[in-house]
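Peer 1: Going down the list, the protein sequences come from chains A and C.
The first sequence maps to residues 141 to 688 in our numbering.
The second sequence maps to residues 221 to 393 in our numbering.
Any given hint could turn out to be false.
[Claimed, not checked] Between beta-carbon pairs, the in silico distance windows are:
1. E321(C) x R197(A): 24 to 30 Å
2. E321(C) x D341(A): 46 to 52 Å
3. R219(A) x E306(C): 57 to 63 Å
4. F287(C) x E212(A): 30 to 36 Å
5. E294(C) x R186(A): 32 to 38 Å
6. V347(A) x H385(C): 57 to 63 Å
7. L151(A) x E384(C): 20 to 26 Å
8. E294(C) x M348(A): 27 to 33 Å
9. E367(C) x K252(A): 36 to 42 Å
10. P381(C) x D207(A): 22 to 28 Å
11. D194(A) x K249(C): 56 to 62 Å
12. T365(C) x D207(A): 38 to 44 Å
13. L362(A) x W322(C): 56 to 62 Å
14. E269(C) x A285(A): 53 to 59 Å
[Stated by the list, open to error] Just a few of them, taken from the derived set where beta-carbon distance is under 7 Å, the chain A residues facing chain C:
15. H183
16. R186
17. C196
FYI, nobody ran anything at the bench for these hints, they're computed from the structure.
Quick reminder that beta carbons are idealized off the backbone N, C-alpha and C, glycines included.
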Amino acid sequence: MNAVAQASRLLPEILAKIFSYNVAENVKWRKKKPGIGWISVTHVCRHWRQVALDHCRLWRHINLSLDEKLVEMFLVRSREAPLVISWIPGTVYNAPIKIAQLAYVEKLHLGKFDGRVEGLERLLGSPAPVLEVAEILCPPLICPADLFGGLAPRLRCLCLHQCSDFSSSWTSPIFSQLVSLKIEHTKGSSAPKPPRAEVFDALKSMVMLEELILNYCLPKCLQNSSTPEAFALASPFLQRLTLSGDFMDIVDLLRCTRIPDHGVLLDLTCTTPQSATVFREILPLLAEAGGNSPAPFSRMEVESQTERVFSLRAERSSDQTTPSISVRFEWGLVSEWTAIEVMRAVFKTLPVEHLHSLDIDIEELSAMTWWGDRHRFDRALWLDMLGSANELTKIAVWGTAVHSFCPVLRLTTRDGHHWQSSPETTSPGGQMTFFLPRLKSLSLFQMDFAHFYPDEGLRLRKLLPLLLQERNATIPPLVELELGACCHRMADELDLLVKSLVLCDNSYSEDEDSAASEEDEDDEDEDEDEDGDEDDGDWEGDDGMDES
Amino acid sequence: MPTIVSVDDSTVPGEGSSRLLLLVSSDNKHIVVEEDIMSRSRFISKQVEGFEATSQRHAILLPFSSFVLNKVIEYCSHYRGYYLLEDDPDAAPPGRSPVREWDQEFLDVDRNMLLRIIKAAHYLEIKSLVGSCARAIADMIRGKTTEEMREILGVENDFTPEEEHSPSSKCTG
């Protein structure tokens with residue numbers, strides 16, 4: 141029957157292709173549990189078995205967690221095919237590694253393990269002529285100075301986690317071809333810092349690098365080093381740079397890094413005695429990196445939970461049409477002074493006149509300087525920082541900041557003749573204002589302004605309908621309004637207000653933003669006119685409600 | 221090997237924007253198809269290069285039925301003008317390329333038809349179609365017992381009882 145059965149008559153290469161799909165499903169790279177269910181194809185018939193045995197690449201995925209006999213069988217059947225070795229040592233404290241050399245290993249993934257892996261140092265010292273990817277997450281180990289015997293010409297990705305002593309390995313010649321390098325220690329690790337000169341020399345050799353992640357293993361910066369040296373990291377392909385550690389060490393490396401013009405993502409986590417100081421050091425470096433570009437970064441996120449630890453993510457993208465800033469200070473452990481200094485530095489780095497999206501979440505600031513006069517979130521400060529942010533289309537403000545931010549919004553009333561070039565310092569009423577002609581989405585959360593600023597609260601309630609009413613004027617329509625987590629005293633009134641508002645049907649999308657040409661805007665206005673006619677009735681009702 | 225026969229020019233009017241090819245199936249059906257459509261087939265492309273060298277038009281005889289051939293032409297027509305990584309001889313061998321939704325529907329056929337299509341695709345050297353068929357067959361047998369695999373694909377167990385019960389095959393595959 142097999143002589144005529146279609147499946148049996150399939151050519152070996154077709155059958156092998158079919159099997160390879162099941163191998164790929166069964167034995168995924170990094171998969172914790174070894175999957176060898178696919179080998180049951182070898183029990184179907186002689187032809188299938190022979191095909192499977194003849195195609196050594198089917199056997200090259202070896203999970204060392206398998207039984208020793210199975211590992212041996214896979215090693216034998218894979219013959220000289222490049223191996224993909226993975227291993228999650230499990231719970232055995234003293235786990236011996238089941239391979240002795242890396243001669244045929246193309247990918248090596250050793251998972252996290254708390255115990256000691258016997259033979260690992262020896263294995264990592266052996267030559268790896270076909271190794272392309274190495275992820276070694278099972279610490280602690282002493283990394284051999286001659287990592288991979290200095291022979292890993294095809295190595296592209298190297299990841300070492302908790303390597304207790306990597307400092308002597310930076311002189312290894314294996315770095316030059318790397319595309320991705322990730323070395324991680326945990327915060328507070330006692331591992332010795334690597335020699336700066338050796339690290340920088342190694343980085344210089346990595347001209348293909350796309351991703352560099354160095355977490356708490358940066359070399360100690362030079363003391364009194366004020367003049368930047370030649371670029372240590374100058375790969376034109378760099379796409380992601382993640383650095384964690386002392387801010388001086390980070391600044392040191394950033395000074396010697398040439399950030400390419402194309403898209404790049406910077407992710408910095410700094411420990412520092414004072415966040416604000418750090419921002420004054422780091423952000424100018426980032427601005428310089430932007431060259432002549434008006435907006436060096438299309439997205440910047442700052443997050444800080446304490447005065448001494450902050451993270452900064454800055455993305456540089458070839459698409460710089462919608463720059464955005466997100467600032468978050470949480471847990472009440474950051475002082476108002478720090479928050480303000482950081483924000484000033486951020487807004488200076490990413491010029492606000494190009495800013496499209498702003499997300500500020502200042503949940504609660506430390507009371508340290510809450511009542512200080514000079515450094516305080518007030519309208520003057522907002523105006524100073526954001527007075528020229530005329531392109532803003534989306535604003536979300538949370539927490540403490542909303543108290544001082546809301547009143548600034550009063551500027552965007554219907555009073556058209558005040559809408560001149562910004563910053564506009566005063567309105568006829570003597571109030572400080574700024575102009576947001578393109579605002580489409582407004583989210584205000586945790587408003588308790590009725591408590592802190594009762595008058596402003598009242599004005600805001602009047603403002604919002606007026607703001608929305610401008611759909612028929614030159615202001616693009618506000619299509620999304622979100623008011624959340626308000627003070628309960630305001631909740632009922634706000635609910636009533638929101639229910640009475642008729643926003644545009646289309647939900648807000650950042651893609652629709654300001655890239656629109658004048659012509660588009662004209663069209664939009666015409667469309668709005670049509671909608672606006674229908675809404676006028678509602679607005680009259682709203683006005684009446686507010687006035688009452 | 222394909223048999224190549226001379227064809228009268230009137231049968232294949234091939235001077236348009238895309239020349240026409242005459243494909244002859246094993247059941248002797250003559251199918252005219254635009255060369256562009258079949259350019260995904262390395263086999264056909266090589267044949268056409270041969271025609272150009274001899275300045276003669278030919279029909280290409282293929283060793284599978286018109287029913288199968290029409291399915292292959294349907295596939296090639298659907299992806300006409302599309303770049304598929306698997307078909308690029310210069311590209312690195314693809315890993316697990318994404319499952320194309322259309323392919324799944326296209327290959328929702330009975331077992332025998334699926335096996336015939338993969339053989340035809342292999343013959344015509346259309347790697348993307350071979351890959352899609354192989355994935356479909358792999359999906360059919362994944363997670364199945366040996367007996368179920370035999371039943372699904374109509375394969376007879378030709379192991380001797382001794383071979384089948386030997387410790388080596390039982391324990392280690």
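Peer 1: Which hints from the list above does the structure break, by number from lowest to highest?
Peer 2: 3, 4, 8, 11, 12, 17
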